[in-house]
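Chemist: One letter stands for each residue in the lines below.
There are 2 protein chains.
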Amino acid sequence: MSARAGIVVTGTEVLTGRVTDRNGPWLADRLLELGVELAHITICGDRPDDITAQLRFLADQGVDLIITSGGLGPTADDMTVEMVAKFCGRELVLDTELEEKIFAILKRLRARFTNVDLDAVRAANRKQALVPAGSEILDPVGTAPGVVVPGKPTVVVLPGPPRELQPMWHTALQTAPVQEAIAGRTIYRQETVRMFGLPESGLAETLREAEQRIDGFDRLEITTCLRRGELEIVTRYEPDAADVYAELLAVLRERHARQIFSEDGSLIDDQVAALLAGRRIATAESCTGGLIAARLTDIPGSSAYVAGGAVVYANEAKSEVLEVDPALIEEHGAVSEPVAEAMAQGALRRFDADTAVATTGIAGPGGGTKEKPVGTVCFSVQLADGPCLTRTLLLPGNRSDVRERSTTVAMHLLRRALLGAKDPALLED
Amino acid sequence: MSARAGIVVTGTEVLTGRVTDRNGPWLADRLLELGVELAHITICGDRPDDITAQLRFLADQGVDLIITSGGLGPTADDMTVEMVAKFCGRELVLDTELEEKIFAILKRLRARFTNVDLDAVRAANRKQALVPAGSEILDPVGTAPGVVVPGKPTVVVLPGPPRELQPMWHTALQTAPVQEAIAGRTIYRQETVRMFGLPESGLAETLREAEQRIDGFDRLEITTCLRRGELEIVTRYEPDAADVYAELLAVLRERHARQIFSEDGSLIDDQVAALLAGRRIATAESCTGGLIAARLTDIPGSSAYVAGGAVVYANEAKSEVLEVDPALIEEHGAVSEPVAEAMAQGALRRFDADTAVATTGIAGPGGGTKEKPVGTVCFSVQLADGPCLTRTLLLPGNRSDVRERSTTVAMHLLRRALLGAKDPALLED
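Respectively, the protein sequence lines represent chains A and B. Note that the first sequence covers residues 1 to 429 in this note's numbering. Note that the second sequence covers residues 1 to 429 in this note's numbering.
Please keep in mind that the hints were generated in silico from the structure rather than gathered at the bench. For glycine and all other residues, C-beta sits at the position ideal for the given N, C-alpha and C. Hints may contain errors.
Pair by pair, the computed Cβ-Cβ distance ranges are [what the hints assert, rightly or not]:
no., chain 1, residue 1, chain 2, residue 2, range
1, B, GLU331, A, ALA304, 23 to 31 Å
2, A, ALA183, B, ALA120, 44 to 52 Å
3, A, ASN398, B, GLY184, 32 to 40 Å
4, B, ALA242, A, GLY333, 48 to 56 Å
5, A, THR192, B, GLY366, 26 to 34 Å
6, A, ASN398, B, ASP264, 19 to 27 Å
7, A, ASP60, B, VAL93, 30 to 38 Å
8, B, LEU226, A, HIS170, 22 to 30 Å
9, B, VAL93, A, THR192, 52 to 60 Å
10, B, GLY151, A, LEU267, 39 to 47 Å
11, A, THR392, B, ASP243, 52 to 60 Å
12, A, ARG189, B, ASP264, 50 to 58 Å
In silico DSS-like cross-links for lysine-lysine, where the CA-CA straight-line distance does not exceed 30 Å [claimed, not checked]:
no., chain 1, residue 1, chain 2, residue 2
13, A, LYS127, A, LYS107
14, A, LYS152, A, LYS127
15, B, LYS86, B, LYS152
16, B, LYS86, B, LYS101
17, A, LYS372, B, LYS101
18, A, LYS86, A, LYS127
19, B, LYS107, A, LYS370
20, A, LYS101, A, LYS86
21, B, LYS107, A, LYS372
22, A, LYS370, B, LYS101
23, A, LYS127, A, LYS101
24, A, LYS86, A, LYS152
Just so you have them, the derived chain A footprint on chain B, three or more residues with Cβ under 8 Å [unchecked claim]:
no., region
25, 4-16
26, 37-44
27, 227-236
28, 307-317
29, 345-357
30, 399-405
Same shape as in the complex, but just chain A:
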């Protein structure tokens, strides 16, 4: 049985969804790397009873380690340290050395403001120097110190701002109580396979077959997730089950060779970025409105291969900026394969590029017709020196879904065209 942990995220702004919690996922990743089993993340507002109830719940679940985030500020609604002290049955004691440290930080921070009453500041922040007796103090990265309270479970109390929490977690990890709490951890391996173009039920079928064919299948902890049309299959196992995983991978390859695009967890965006090295790409977007360009340029260093792109919403912009013949739009409509191809060709010329991707479609909610309902999107990828792929798809969902899904489809078509330039067999449907 591996060491188990729970995370308590406090803060009314997080509970009510006005702020997205980044600490739970980040800590989850760290625990996974360590081989500590994360059982629960719980989120509550700044209410004493709710915080206490969550600590009690996790202790009842037998976790070895609880990590809390948030609630360490100077204002009255910040009360995590006090609640943890009560929960652990320890007195709060004033650490005068810590108090001086915090005061020095605050003095420095406030130096640029005038009219600061330093005595008031000191009084307001004395609270932050109150720590549970016998706990280890984690020096502030911002103004709030954290603590490690030893016991079963050991409780690590960290501040809410991610840029403070993250370095302080690394400090906490070095302390004896935390090392002791996670001593029972198991080192797992984790592998990720990604597919595109397979419905989730198809994968479910394959996994049921694998379960029957593979000895020791239950030694694999498999989770699957459908996102933006991509299927992610994450498998965790102890190192001596590596051959079982190899068998699973063989089954997946056998059944879904064409749909698997990643066996090492790499993302489509990074794969496309790698394939674009030494090339020069331009985008020509109508319904995706800049999302493809934004995704390509999200990668650091993308300026080496992204020439630019055109967002051509209006028909005149399609003609003026990308030299799409107005007669072509007149004949086939703006949402058509000939127009998508002409947009891609125009982008190649206009940006002096060797790779282009174009989209034109109906994202909705308005604009759909019986022949071309909302969700109809035409894609064209053109390589100056190689294949041209043009497709029309009908994508589900609302405006935002259609735009996002179209962007993902475009990335996969790009990948296929770029790989197909080397191995034309990959271009067949």
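Assemble the complex: chain A is given as a structure, and chain B must be docked to it using the hints.
Modeler: Quick look at chain B alone, frame taken from chain A:
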């Protein structure tokens, strides 16, 4: 005492942070609107014991309503309905009518795939037609049905994909068991004020002052949140404290008239959309790489006023597509106010637009210099018939922060220029 609720988010992909949960925050908002007190959000993986423990915990906390999200798919790791049935002490029964409904949906979805073994599909999805005896069925929006299980607490079981969960929640809300569970809710009013360009500490000071000046201040539940450079102030109060809120609003206006851009919670994107009615806008983006165009076109109906945009990453693209004089780039550098202005002017001409916004900057991680460090971004907004606003800012954070923050700054500059066209006093710094 108001009706209380808890949310259970299931899914190993969410617990481990591979997928960001969007359902907890969305449901939190719906509960808030209803006047139902949200006590806890708990997140666990696809493990039977952990799901059961969380349901038990919430029931022990005395909540009237539990909402679960996720775990309704056809694969073996999806087990929420089974766990909820056990927890509520109800048998799972096969609903044959529901089974036919699901099968019909799947047949339609699979029609575009070849070689589908429909019997296998039917077998795989029978599981999804098993529901707790005596529960109310929520018809699938995707392929997974939800259920409402009456009791104390009443449990609403919803699928994980937000576009399925959201309409199904509205259906669940109409059912008698849910209405009964939330009968004790309190009706609150909630008002949102948004500001731009004020540090959080400045707002904190104003709120401390308001606390001393306003009688009954403690009847307002105020939460503040800083996001993408915008400050959001959400105030919740019972209807008879409306005059107290009016006093708070007066204080905010008195101190921060220039920073308040929304008193009704409206978002900058919607405000800019409204101001663009009857106009024709084009974008010229370098470091934001399409994000401004994507944000403008995210609004339904934006095709009425968005002509298009150019993403000009390469210097040659700036010159070729937007007619920026290469000598200007040579003289001032690509990241400079003259180049930003020339980009905006080029966009006006190229897209035959009357409104243009341009960005050029260094998003990092590479490319910074001592004079122009990472985070330096030049903005220019030009109206053909009115003011031109050009600014240079140094924005904090990593590549993605700088790009996102730049997009928000551009939206606020647009708003100011468009308002300034009517009232030039607004253009002063």
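Chemist: Run every hint past the structure and note whether it holds.
Modeler: To see whether the hints hold, each was checked on the structure:
no.: 1; hint: B:GLU331 / A:ALA304: 23 to 31 Å; result: holds, 24 Å
no.: 2; hint: A:ALA183 / B:ALA120: 44 to 52 Å; result: holds, 46 Å
no.: 3; hint: A:ASN398 / B:GLY184: 32 to 40 Å; result: holds, 34 Å
no.: 4; hint: B:ALA242 / A:GLY333: 48 to 56 Å; result: holds, 53 Å
no.: 5; hint: A:THR192 / B:GLY366: 26 to 34 Å; result: holds, 28 Å
no.: 6; hint: A:ASN398 / B:ASP264: 19 to 27 Å; result: holds, 24 Å
no.: 7; hint: A:ASP60 / B:VAL93: 30 to 38 Å; result: holds, 32 Å
no.: 8; hint: B:LEU226 / A:HIS170: 22 to 30 Å; result: holds, 25 Å
no.: 9; hint: B:VAL93 / A:THR192: 52 to 60 Å; result: violated, 37 Å
no.: 10; hint: B:GLY151 / A:LEU267: 39 to 47 Å; result: holds, 43 Å
no.: 11; hint: A:THR392 / B:ASP243: 52 to 60 Å; result: holds, 59 Å
no.: 12; hint: A:ARG189 / B:ASP264: 50 to 58 Å; result: holds, 53 Å
no.: 13; hint: A:LYS127 / A:LYS107; result: holds, 16 Å
no.: 14; hint: A:LYS152 / A:LYS127; result: holds, 26 Å
no.: 15; hint: B:LYS86 / B:LYS152; result: holds, 15 Å
no.: 16; hint: B:LYS86 / B:LYS101; result: holds, 25 Å
no.: 17; hint: A:LYS372 / B:LYS101; result: holds, 26 Å
no.: 18; hint: A:LYS86 / A:LYS127; result: holds, 15 Å
no.: 19; hint: B:LYS107 / A:LYS370; result: holds, 22 Å
no.: 20; hint: A:LYS101 / A:LYS86; result: holds, 25 Å
no.: 21; hint: B:LYS107 / A:LYS372; result: holds, 22 Å
no.: 22; hint: A:LYS370 / B:LYS101; result: holds, 25 Å
no.: 23; hint: A:LYS127 / A:LYS101; result: holds, 13 Å
no.: 24; hint: A:LYS86 / A:LYS152; result: holds, 15 Å
no.: 25; hint: 4-16; result: holds (count 5)
no.: 26; hint: 37-44; result: holds (count 7)
no.: 27; hint: 227-236; result: holds (count 3)
no.: 28; hint: 307-317; result: holds (count 10)
no.: 29; hint: 345-357; result: holds (count 3)
no.: 30; hint: 399-405; result: holds (count 3)
Consistency with the previously given hints fails for number 9 only.
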